[in-house]
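Starting from the given sequences, assemble the full structure and let the hints guide the process.
Below, each chain spelled out in residue letters.
Number of protein chains: 2
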Amino acid sequence: MTLDQLQSKFEEFKAKKLALDMSRGKPSAAQLDLSNGLLDTVSSTDYKTITDADTRNYGGLDGIPEAKELFKDFLEVSTVDEVVIGGNASLTIMHDIVSRGMTHGMCDSKQAWGKSKIKFICPSPGYDRHFSICQHFGIEMIPVSCTPGGPNMDEVEQLVANDESIKGIWIVPKYSNPTGLSCSDEVVDRLSAMKTAANDFRVFWDNAYAVHHLSEDKDKLKNILDTCKEAGNENRPFILCSTSKITFAGAGVSAVGGSVANMDWFKGHLFFSTIGPDKLNQVRHTRFFKNIEGLHEHMKKHAALLKPRFDKTLAILEQELGGTSLATWTKPKGGYFISFNVSNGCAKRVVALAAEAGVKLTGAGATYPHKNDPNDSNIRLAPSCPTIEEIEQAMQIVCLAVKIAAIETGVVKDLVHN
Amino acid sequence: MTLDQLQSKFEEFKAKKLALDMSRGKPSAAQLDLSNGLLDTVSSTDYKTITDADTRNYGGLDGIPEAKELFKDFLEVSTVDEVVIGGNASLTIMHDIVSRGMTHGMCDSKQAWGKSKIKFICPSPGYDRHFSICQHFGIEMIPVSCTPGGPNMDEVEQLVANDESIKGIWIVPKYSNPTGLSCSDEVVDRLSAMKTAANDFRVFWDNAYAVHHLSEDKDKLKNILDTCKEAGNENRPFILCSTSKITFAGAGVSAVGGSVANMDWFKGHLFFSTIGPDKLNQVRHTRFFKNIEGLHEHMKKHAALLKPRFDKTLAILEQELGGTSLATWTKPKGGYFISFNVSNGCAKRVVALAAEAGVKLTGAGATYPHKNDPNDSNIRLAPSCPTIEEIEQAMQIVCLAVKIAAIETGVVKDLVHN
Chain A
1 MTLDQLQSKF EEFKAKKLAL DMSRGKPSAA QLDLSNGLLD TVSSTDYKTI
51 TDADTRNYGG LDGIPEAKEL FKDFLEVSTV DEVVIGGNAS LTIMHDIVSR
101 GMTHGMCDSK QAWGKSKIKF ICPSPGYDRH FSICQHFGIE MIPVSCTPGG
151 PNMDEVEQLV ANDESIKGIW IVPKYSNPTG LSCSDEVVDR LSAMKTAAND
201 FRVFWDNAYA VHHLSEDKDK LKNILDTCKE AGNENRPFIL CSTSKITFAG
251 AGVSAVGGSV ANMDWFKGHL FFSTIGPDKL NQVRHTRFFK NIEGLHEHMK
301 KHAALLKPRF DKTLAILEQE LGGTSLATWT KPKGGYFISF NVSNGCAKRV
351 VALAAEAGVK LTGAGATYPH KNDPNDSNIR LAPSCPTIEE IEQAMQIVCL
401 AVKIAAIETG VVKDLVHN
Chain B
1 MTLDQLQSKF EEFKAKKLAL DMSRGKPSAA QLDLSNGLLD TVSSTDYKTI
51 TDADTRNYGG LDGIPEAKEL FKDFLEVSTV DEVVIGGNAS LTIMHDIVSR
101 GMTHGMCDSK QAWGKSKIKF ICPSPGYDRH FSICQHFGIE MIPVSCTPGG
151 PNMDEVEQLV ANDESIKGIW IVPKYSNPTG LSCSDEVVDR LSAMKTAAND
201 FRVFWDNAYA VHHLSEDKDK LKNILDTCKE AGNENRPFIL CSTSKITFAG
251 AGVSAVGGSV ANMDWFKGHL FFSTIGPDKL NQVRHTRFFK NIEGLHEHMK
301 KHAALLKPRF DKTLAILEQE LGGTSLATWT KPKGGYFISF NVSNGCAKRV
351 VALAAEAGVK LTGAGATYPH KNDPNDSNIR LAPSCPTIEE IEQAMQIVCL
401 AVKIAAIETG VVKDLVHN
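Chains as they are written, first to last, in the working numbering: chain A, 1 to 418; chain B, 1 to 418.
Keep in mind that the hints were calculated from the coordinates and are not lab data. As the structure is a computational prediction, the values presented were derived from the model and not from experiment. Heads up, a few of these hints could be off.
Which copy? The list can't say, so a pair holds if one copy fits it or any two copies do.
Straight line, CA to CA, 27 Å or less: simulated DSSO-like cross-link-like pairs of lysine-lysine [to be verified]:
(1) Lys26 with Lys267
(2) Lys371 with Lys267
(3) Lys119 with Lys267
(4) Lys48 with Lys26
(5) Lys360 with Lys48
(6) Lys333 with Lys220
(7) Lys360 with Lys267
Given below as structure tokens:
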């Protein structure tokens, strides 16, 4: 097709005045419905813990026993002393750990992080909220590239070995935001064993999609707390999770896992800021799932809703752009995102064109520190919320935009394919 | 009675092996029962806001509209733009404001508070959790004395006028913890209008007992946001509240009020740490109360449970220590505490003796910065949780302990009275 032909097709889409959204990694209403039963597990006559404790009153800084037990299994740590239950967002836990690092330092810091200029490693593309926390606290971000098995460890190892001011690395280890890919065993081992100039270096292991498989063909993640213990670096990882994309995105339960020293440090700080997280919501969640097997069963219902959406997205990409040199994309086995790389210098234009035709995409560059994608190539696709029909239309438009942008920028002259 | 006689009576109490607790300002189970209906206001088929928004999903950084409306009235601010809804504890909001002050400064700060040594004024006796926050962040605490109408404003005005490093003051303005007394109109006016060397000085107006009257004979608090606006200091107050002692201590809703500039500053920080507080719990609360009148009606049921407990505590004090010079105490019209002053140098001994006889009291000194009561005189009595019978026994023991301690320390030789 020539540019004229593509543009004429594009105008047809524009005339439909669509309003489609593939930007937000949030659950659809149908997914939320799967957990509605949770709202009936607690009532005015039935609200106590399994040990008959009154969840309505003060007490329980780090969670009720059955919630700690459930999240021990979820986080794959060894004991409930390696778990602290949080409020409704793991983002808050991550923010607060960094904030406390800035004002007080970690349990093994020589001084508060805020006393000097510190840096975090930011594998990119990555999760914009991680980068925002760094930016907010004036932490310098060092981007490193991603391989299909996680961050480029050659780069990471060299950086941390020689720079004491590097205090952390952000990683979504399974079905990563936005790549959808998972850390290989080798990456987990190297992250755990690598020598760091800083003795208070931390891996922020944001396992947000730990159980969010699309089918029985699952990625399996090596246990980083175990590997860190074996390497003598047990205080290195903070493992984060939440039920935001399991039950309710706005009213779930979050948790953090790690060494007893890290959990004691965290609880020591919690004492000053809270009387403990909402225990009633912990009761709702533990009654709803009963145990980790119940939670895994529940996730199959999510998969039944999500997989056709991923399949449709990938099918349109393959149909419209397969065999061309205009784009590459990931084929995740779980999570919420597909990472979509268009020709260098085209991502912003594709997002703008899609918007013109009524398709909202995550802003180009959002997946990089300071929203700066040096190649202007990466776009995050989030298929969870739209219907299959909406995805079909939206992805047709996105693919058309990719072709137009490629010709406009001179990447190709015209398109024989399609 | 002689010391021997008192001690023999004391041994009789000890032999009963009692386990009584007058230490914790927490609601009794009967008080919590008053709000059980709240747990049935949301169900698997009925969970949306009045504007039909889906509370289960992401969104709503500063609260759902009906919660903002309710807390606007509760906080007595003018518009919903002067309110931000929090999680289940106002302690978290206060901690986070100070923490953000340390790392970033207020909306009108020249630099982050943590960049230099800063100080807070701590009217004493006061709330230990306020003092803990200061201690945690290395903020120097300057105790000032309390009058029946609030902090000694002569002291306060002189301090803040001359020291730019003084950035805040903690105040529980109504039915204070632990005095049970409320700020006078004059104190509110002077706090609002006083000249401060620091242009980013803040009044932490922790109105934890705003609606917690014991009867129709209520303290009325002048509106500090109004008076601060009139004085041209609209960014001075942060007004805090929660439903911890209205609905559930562990699963309530908190809020902060203040100028639009302060709220925008707070929301700007919130963006980095949360996807918004639990909206479902906001729906439960707003449905349960309907409006501020509903909340006030609800508080009358609390009063019916609390007033007899306060009355009994005060009756035993009067009966056992009235007319002696051994102690003085406050007679609050609301709140959770009675402030009890024994002879100088006796408070620790009284608390220890009471413990020996099975009565747990708040640690002596807990109501002062660094837990240091310079007179060793103040004891906080918390009558909300025990039954009337338990209060009768506990207070008999406390009064006996006061007498024994007074003779032991040579304050008096023996006691003719009683």
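Okay, the hints, checked on the actual structure:
1. When the C-alpha separation of Lys26 and Lys267 is checked against a cutoff of 27 Å, the pair qualifies only between copies, where the shortest distance is 22 Å, while the shortest distance within a copy is 30 Å.
2. For a Cα distance limit of 27 Å, the shortest separation of Lys371 from Lys267 across copies, 21 Å, qualifies, whereas the shortest one inside one copy, 34 Å, does not.
3. Taking the closest pair of Cα atoms, Lys119 and Lys267 come within 27 Å of each other both inside a single copy (25 Å) and across two copies (26 Å).
4. In this assembly of identical chains, Lys48 and Lys26 lie within 27 Å of each other by CA distance solely across copies; the values are 18 Å between and 31 Å within a copy.
5. Taking identical chains as interchangeable, the C-alpha atoms of Lys360 and Lys48 lie at most 27 Å apart only when they sit on different chains, with a minimum of 25 Å there against 44 Å within one chain.
6. In this assembly of identical chains, Lys333 and Lys220 lie within 27 Å of each other by CA distance solely inside one copy; the values are 11 Å within and 61 Å between copies.
7. Within a single copy, Lys360 and Lys267 get their C-alpha atoms only as close as 41 Å, which misses the 27 Å cut-off; across copies the closest is 25 Å, which meets it.
Comparing the model with each numbered hint stated earlier shows that all of them hold.
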